[in-house]
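Enquirer: Residue numbers (the working numbering), protein chains in the order written: chain A, 1 to 294; chain B, 1001 to 1268.
These are computed hints drawn from the structure, not numbers from a lab. Glycine included, every Cβ here is placed at the ideal spot set by N, Cα and C. Treat the hints loosely; a few may be bogus.
As the list claims (entries may be wrong) - Cβ-Cβ distance ranges computed for the label pairs, FRET-style:
#1 L92/A <-> L1166/B: 42 to 50 Å
#2 N189/A <-> V1013/B: 20 to 28 Å
#3 G1041/B <-> L14/A: 50 to 58 Å
#4 M1052/B <-> I185/A: 39 to 47 Å
What the hints assert, rightly or not - Covered by chain B, per the in silico footprint, the following chain A stretches (three or more residues, Cβ under 8 Å):
#5 89-101
#6 261-275
As the list claims (entries may be wrong) - To be clear about the criterion: a stretch of chain B counts as covered by chain A if any three or more of its residues have a C-beta under 8 Å from a C-beta of chain A, and this derived list gives those stretches:
#7 1020-1030
#8 1074-1084
#9 1102-1116
#10 1135-1149
#11 1203-1211
#12 1224-1230
#13 1237-1251
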Amino acid sequence: MPHQRRLLMAVPWLWLAVFFMLPFLFVAKISLTEPMLAQPPYADLIRSVEDGLVTIQINLGNYALLWEDPLYREALWGSVKVALVSTILCLLIGYPMAYGIAKAPSHWRLPLLMLIILPFWTSFLIRVYAWIGILKNNGLLNQFLLWLGVIDQPLAILHTSTAVYIGVVYSYLPFLVLPLYATLIRLDNTLLEAAADLGARPWRQFVSITLPQSLPGVLAGSMLVFIPVMGEFVIPDLLGGPDTLMIGKLMWTEFFANKDWPVASSLASVLLLVLVVPFVLMRHYEQRLAEEQG
Amino acid sequence: MLKKHPLLVLALVAGYAFLYAPIISLVVYSFNDSRLVTVWGGFSTRWYGELMNNEPLLEAAWMSIKIAGLNASLAVVLGTLAALALVRLRKQRGHQSLGVMVTAPLVMPEIMIGLSLLLLFVAMEDVFGWPQGRGMLTILLAHVTFSMAYVTVIVQSRLAHMDRSLEEAALDLGARPLTVFFTITLPLIAPALGAGWLLAFTLSMDDLVIASFVSGPGSTTLPMVVYSSVRLGVSPQINALATIIIAVVALAVLITGISLYRKEMRQA
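Just chain B, same shape as in the assembly:
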């Protein structure tokens, strides 16, 4: 088909070049010996070495990983509940409003979510004395709120396209609804849950704006450290960090892609 449309091919090539040029430039310059980011001073891995000795950055990275892991797990549970409610309980009260509340965080500017949640946490502390101060817990609550929306969308589309005859058969044979859910529905939607978990993890690892609002002293996440070092002046260590992130993501995507491909081959 594409042979008939040289202009479309050109648009695709140019589009992908635009998407990947900055990423490739980061990877290349992470091996640059020069302190000046755009002057080539020979191949070197010194920035990786310096990165490994950057104590505050490593601490922040560990904090981010902890929050992201907890966030992804909670978001998958809540997002799956929301998706089930949206797909299966159309006549239940609250269906419409849940639909609106789940979509809204997807488009809401991050700065609004961050600002409004901070005001909520301040007011809650004032009234109930909880959450005490701001830190890991408040960042986690904030992240779950916006990332469960993404999980809901992914699981929802999987549920909507799912064949329900297996569930119905099990119910006809006398299985309890909860048993049906855990033995049939859950395995069938597992790929969507996995994708949702990974997406929620990445969103949390990536968030600067919301975390900046709801964090307190002593809870600095990786994006906050990156942001302040970028603001202070470009640091070649950031290139090394970016390259490591890109390598991890590319590897994860490759493994997922291959396993999906194999599964399709087996089914075909």
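Looking at chain A on its own, in the form it has when it is part of the complex:
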């Protein structure tokens, strides 16, 4: 049935080509235009002049601005820093959790996994909002620490980068635990038994056998955290303060507050370029994982 087969491939392919790939061409195009006070707020790239003459006017000014104005460089660096540190924190918290679930008795695993997924089904926005109540000056955390006597003055956590890290790690932890668990549960136990027979202690077994074998899962999970956090808007906007400058929030401001679509588009283009490398890395490891399985 070559006819049906072609249709099967073509329908989702065309949808994604039109609504996912094509839009980035428009981002690239708008990033090369000049801002205007009109609707839509940018000048046309191709202008037909009289006598059928067509001129194309490319404006590289937006990119020059990104390069020259330290604000944009700081935002890009801020995003890289938050994404990198959060990924490492997620790994430190998430690896032991994924390992613990994989080691749990088999009838415990499904409920434990469900508990990881459950927060994911409730609203992301509302879960981030909950942290405001916990982190603010007279919030639950400060009340608790004051009651414990650990501190005698409330800590200012909300609207600092600490709050952003807490919010990001909290929101993206499940994205790391799930793929990591999927890798850990498939590991071959015979190698561990062989190592144990040869006298390796549990810690040694973990470091030389489990850890290296789980690296594809570590990488896949890290990318699922790193890439979306780079463009994160809600968390820095609600929990962050003046010391957290991130590219996603800046894009939002340029787009909605300053109505500068060309600059917002050139920021998006730069972000896309930065993200292509991690994405290719992830695809590469995914394919390796699929080949190993199959």
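Following the hints, put chain B in place on chain A, whose structure we already have.
Expert: Quick look at chain B alone, frame taken from chain A:
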């Protein structure tokens, strides 16, 4: 096994405490009589009452539910087609590029999807006059694009682990491929379709960033209303709303869990 690893147990307990502390605090404070969110003023359900009278919020919730339902149904159809193509048509042209295009929305920052789709819609309107303005339709198109990726992943893994002997037997007995698909393949992957539908529904209900870009005046979704009321200052009504959402989700998960458990028991 876990008895031998007290540190792992500790890591799990601390991890789950971290995941659930904010959710529990929301539920508890939704019954707080005080307007100040973190000062306990006695048990009360007044915020639930006020929530029920919040006209703009209810309208936005209804809009979100409509979009989410349509989105989930469309995403399941497209995602299933994509999954079938990816698992069964490895030699077909376009296989590789479909694989890349389906994975990319899973990791693409939402703000990029929203911005790029808005620019596309503006350009399309300019050239074809469609879609006219922005509203429910453009939000729906945007949501289907990113949520079909999740459906594809779920259905794909189900298809990859499926025993194909039943399909082959039916084909050997002379059934047409489409008949085989509807009478054998579809029932076998139905749980994955259900899970995919629910996930697509939730993703759509939850999305603030993409919808903000591609919506127009008159099409406000629930997250947009929540976001603006959170920005204006913390409103205890949001706690009540959160609690209702959590209760609905917990109930749905419980029912699914029990039915899955029963099914496994029957099979065992």
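Enquirer: If a hint holds in the structure, say so; if it does not, say that too.
Expert: Against the structure, the hints come out as follows:
no. : hint                           : in the structure
1   : L92/A <-> L1166/B: 42 to 50 Å  : 46 Å, holds
2   : N189/A <-> V1013/B: 20 to 28 Å : 26 Å, holds
3   : G1041/B <-> L14/A: 50 to 58 Å  : 57 Å, holds
4   : M1052/B <-> I185/A: 39 to 47 Å : 45 Å, holds
5   : 89-101                         : holds (count 7)
6   : 261-275                        : holds (count 7)
7   : 1020-1030                      : holds (count 7)
8   : 1074-1084                      : holds (count 5)
9   : 1102-1116                      : holds (count 14)
10  : 1135-1149                      : holds (count 5)
11  : 1203-1211                      : holds (count 4)
12  : 1224-1230                      : holds (count 3)
13  : 1237-1251                      : holds (count 7)
In this structure, every one of the numbered hints holds.
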